[in-house]
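Please work from the sequences and hints to get the whole structure.
For the record, the sequence lines run as chains W and U.
Counting along the first sequence from 1, when you hit position 269 you're at 269 in UniProt numbering, and nothing is skipped either side.
Counting along the second sequence from 1, when you hit position 282 you're at 282 in UniProt numbering, and nothing is skipped either side.
Source of the hints: derived by calculation from the structure; they are not laboratory data.
Treat each hint with caution, since some may be false.
[As the list claims (entries may be wrong)] Cβ pair distances, simulated, as ranges:
(1) Asn-46(U) x Ala-168(W): 45 to 53 Å
(2) Gln-79(W) x Gln-302(U): 35 to 43 Å
(3) Ser-103(W) x Gln-302(U): 40 to 48 Å
(4) Arg-311(W) x Arg-172(U): 20 to 28 Å
(5) Ala-324(U) x Ser-166(W): 55 to 63 Å
(6) Asp-276(U) x Ile-35(W): 46 to 54 Å
(7) Gln-130(U) x Ala-317(W): 18 to 26 Å
(8) His-313(W) x Ala-137(U): 27 to 35 Å
(9) Arg-311(W) x Ala-324(U): 53 to 61 Å
(10) Pro-316(U) x Arg-311(W): 26 to 34 Å
(11) Asn-46(U) x Asp-107(W): 36 to 44 Å
[To be verified] If you want the footprint, here are the derived chain U segments under chain W, 3+ residues with CB under 8 Å:
(12) 101 to 108
(13) 225 to 235
(14) 260 to 270
(15) 316 to 325
Computed from a prediction, not measured in an experiment: that's the story for all the values here.
Beta carbons: idealized from backbone N, C-alpha and C, even for Gly.
Chain by chain, the residues:
There are 2 protein chains.
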Amino acid sequence: MSAKMSAATYPLSGPAKVEINEVAPRDGLQIEPFIVPTEGKVAFVNALARCGFARIEATSFTSARAIPALADAEAVMHQVERVAGVGLTVLVPNLRGLERALSCRPDEVNLVMSSSETHNRANLRMTREQSQAQLLAMIAEAGKAGVPVNVSLSTVFGCPFEGDVSEAEVMRLAKAFADAGAAGITLCDTTGMAYPNQVAALCETFQRALPKTGLTIHLHNTRGMGLANAIAAWQTGVTRFDAAAGGLGGCPYAPGASGNVSTEELVHMFASMGVDTGVELGALLDVVAGVSDLVQRDVSSQLLRAGPRLRTHQPPAWMEEFFAKA
Amino acid sequence: MSAKMSAATYPLSGPAKVEINEVAPRDGLQIEPFIVPTEGKVAFVNALARCGFARIEATSFTSARAIPALADAEAVMHQVERVAGVGLTVLVPNLRGLERALSCRPDEVNLVMSSSETHNRANLRMTREQSQAQLLAMIAEAGKAGVPVNVSLSTVFGCPFEGDVSEAEVMRLAKAFADAGAAGITLCDTTGMAYPNQVAALCETFQRALPKTGLTIHLHNTRGMGLANAIAAWQTGVTRFDAAAGGLGGCPYAPGASGNVSTEELVHMFASMGVDTGVELGALLDVVAGVSDLVQRDVSSQLLRAGPRLRTHQPPAWMEEFFAKA
Chain W
1 MSAKMSAATY PLSGPAKVEI NEVAPRDGLQ IEPFIVPTEG KVAFVNALAR
51 CGFARIEATS FTSARAIPAL ADAEAVMHQV ERVAGVGLTV LVPNLRGLER
101 ALSCRPDEVN LVMSSSETHN RANLRMTREQ SQAQLLAMIA EAGKAGVPVN
151 VSLSTVFGCP FEGDVSEAEV MRLAKAFADA GAAGITLCDT TGMAYPNQVA
201 ALCETFQRAL PKTGLTIHLH NTRGMGLANA IAAWQTGVTR FDAAAGGLGG
251 CPYAPGASGN VSTEELVHMF ASMGVDTGVE LGALLDVVAG VSDLVQRDVS
301 SQLLRAGPRL RTHQPPAWME EFFAKA
Chain U
1 MSAKMSAATY PLSGPAKVEI NEVAPRDGLQ IEPFIVPTEG KVAFVNALAR
51 CGFARIEATS FTSARAIPAL ADAEAVMHQV ERVAGVGLTV LVPNLRGLER
101 ALSCRPDEVN LVMSSSETHN RANLRMTREQ SQAQLLAMIA EAGKAGVPVN
151 VSLSTVFGCP FEGDVSEAEV MRLAKAFADA GAAGITLCDT TGMAYPNQVA
201 ALCETFQRAL PKTGLTIHLH NTRGMGLANA IAAWQTGVTR FDAAAGGLGG
251 CPYAPGASGN VSTEELVHMF ASMGVDTGVE LGALLDVVAG VSDLVQRDVS
301 SQLLRAGPRL RTHQPPAWME EFFAKA
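Next up, the structure:
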């Protein structure tokens with residue numbers, strides 16, 4: 001658990017400072033029907049960088065055939081501004097992708113596999129054993145290049161095909177990658193199956209077993225529990241959260257999946273609680289307001305509609321006269 | 001804090017058993033543009049009662065002019081089945097409404113005023129002083145009739161006109177009503193301004209100051225924090241929650257307000273956590289599936305679409321052959 005706890009949060013306590021990894025440019029745009037032009041992606045990443053995110057997952061070095069929406073990964077990485085303090089991470093599926101990624105000088109590469117066998121086969125067309133071997137080879141290669149590796153483990157809180165996934169299986173994979181040199185692990189609730197005490201329990205287990213490995217939590221809001229799960233993780237000392245502006249994203253191979261936890265709601269909640277995210281909410285809401293134009297469909301942001309909690313309203317016009325008379 | 005805690009929930013802990021007060025028949029239907037016929041309301045309340053709710057807020061004895069949608073309060077109360085273990089509570093705005101309500105033998109009457117001056121004036125057209133006097137008179141009258149009283153305090157976590165509301169003001173009103181004989185108090189997040197550590201702090205203060213007064217929490221999901229706030233309250237020992245099937249409801253006088261926390265999401269979360277709500281989720285989802293027909297508009301329930309977390313799916317058809325060949 002973080003040494004510096006927020007005193008103001010009693011009786012709920014957790015770290016005074018957290019970091020948000022904004023994943024919309026990759027995890028969001030990859031499944032949008034409209035292919036955002038490169039200049040739109042670059043402007044999106046640049047605008048997000050100015051909001052103060054710790055990390056931004058900028059793109060994915062997948063084959064253009066698999067994910068045509070992100071075929072311009074190199075162009076995006078070459079054109080985006082590098083902002084001090086904002087790490088650019090990129091998703092990499094295999095050794096060929098890693099080679100392409102490393103040529104673009106990312107601050108981190110993010111690898112992915114599922115903790116459940118059926119989801120790994122459906123999503124990656126490999127057995128977990130094949131995926132694990134491939135990821136270990138990529139960790140070694142990235143290590144030679146001096147680029148830190150994060151591994152995102154999918155379906156750790158439940159698999160849409162298999163149901164519950166055992167904590168032991170998740171930790172077996174996490175330990176294998178940490179031992180091989182991964183600097184960070186992301187525990188992903190790929191299809192929104194996580195619930196608060198489960199999240200807290202796995203986060204505690206993870207932090208006890210791998211205290212030196214950076215732990216990020218990736219949540220979806222499929223069943224309304226996104227922010228509840230974030231608080232549960234935070235209460236165990238977790239300081240790193242994935243989130244997507246406008247709640248973009250989902251998983252094309254995960255039936256029933258809805259979008260990622262929305263960054264603006266996560267930042268707004270932490271800001272209300274006095275927890276420092278480093279992100280400027282007003283600037284972020286301006287970016288979110290442009291997401292519908294970016295992806296050419298109506299992206300409804302609940303927080304954008306309602307406004308931050310302290311944006312007060314004028315009382316009804318009749319009121320003053322009514323009470324003056326009374 | 002409840003003596004009986006759930007052991008399975010470590011490191012997040014709270015009561016092993018909670019109660020849900022289903023408020024959709026009153027708090028939901030009162031603002032629907034379509035006026036649900038009496039038989040529809042009766043069938044709705046009856047179907048909800050069979051799900052196992054501890055309480056159902058069945059209707060409101062407001063003037064037909066103020067809330068035409070609930071003009072049939074007496075008819076509803078006379079026609080609904082009385083189910084053992086399911087308390088029927090009704091909203092009552094004034095002494096005239098109380099008289100009407102008491103003639104229908106409710107198990108409880110629920111009174112309401114705001115904790116912030118401006119919202120009370122806008123919503124009830126009275127000063128808080130006037131409202132408080134009226135509520136005290138109603139508590140006395142209900143006491144003579146032997147009917148328990150609950151008082152719902154609006155805007156305790158923030159007022160859409162004034163911003164933050166002081167805990168001292170909330171507790172001043174809560175104590176006045178508890179001292180006068182109210183059996184329960186509901187702390188209402190009328191426009192979704194509550195955030196988790198604020199909820200936990202006020203719930204702790206309340207339970208320390210008024211340990212014998214039944215505390216219910218009423219949450220909205222306006223800014224995505226509905227379930228996070230429910231867990232925060234639960235962690236301090238709160239066992240009673242308002243919620244509305246399908247997330248119906250809102251406040252016509254509260255700009256930016258969206259619906260109540262959805263009952264199915266709250267029940268699903270607690271069920272996942274091993275916390276007993278008494279509510280049968282499958283039966284509830286059947287009722288929720290009928291809400292769009294009931295109110296004659298599309299009521300989108302996220303949980304109904306996604307299904308409970310352990311409703312698993314078939315893997316893609318290509319998978320078996322693909323891996324058989326490999």
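Here is how each hint holds up against the structure:
Asn-46(U) and Ala-168(W) have their C-beta atoms about 46 Å apart, which keeps the hinted 45 to 53 Å range intact. At roughly 37 Å, the beta carbons of Gln-79(W) and Gln-302(U) sit within the given window of 35 to 43 Å. As the Cβ distance of Ser-103(W) to Gln-302(U) is approximately 41 Å, the hint placing it in 40 to 48 Å holds. Roughly 27 Å separates the CB atoms of Arg-311(W) and Arg-172(U), a value that falls within the hinted 20 to 28 Å.
The hint said 55 to 63 Å for the Cβ distance between Ala-324(U) and Ser-166(W), and at roughly 26 Å that hint is violated. Distance hint for Asp-276(U) and Ile-35(W): a CB-CB separation of about 49 Å, consistent with the stated range 46 to 54 Å. Distance hint for Gln-130(U) and Ala-317(W): a CB-CB separation of about 21 Å, consistent with the stated range 18 to 26 Å. For the hinted restraint 27 to 35 Å between His-313(W) and Ala-137(U), the CB-CB distance of approximately 31 Å keeps it satisfied.
One distance hint, 53 to 61 Å for the beta-carbon pair Arg-311(W) and Ala-324(U), holds here, with the actual separation near 58 Å. Separated by about 45 Å at the C-beta atoms, Pro-316(U) and Arg-311(W) break the suggested range of 26 to 34 Å. Asn-46(U) and Asp-107(W) have their C-beta atoms about 60 Å apart, which leaves the hinted 36 to 44 Å range violated. For the region 101 to 108 of chain U, the assignment as covered by chain W is violated, since 0 residues bring a beta-carbon within under 8 Å of that chain's beta-carbons and 3 are needed.
Judged by the Cβ-Cβ criterion of 8 Å, the region 225 to 235 of chain U is covered by chain W as claimed, because 8 of its residues qualify and three suffice. Counting residues of the region 260 to 270 of chain U whose C-beta lies closer than 8 Å to any C-beta of chain W gives 4; at least three are required, and the coverage claim holds. Interface restraint, the region 316 to 325 of chain U with chain W: holds (4 residues with C-beta to C-beta distance below 8 Å; minimum three).
Hint violations for this structure: numbers 5, 10, 11 and 12, all remaining hints satisfied.
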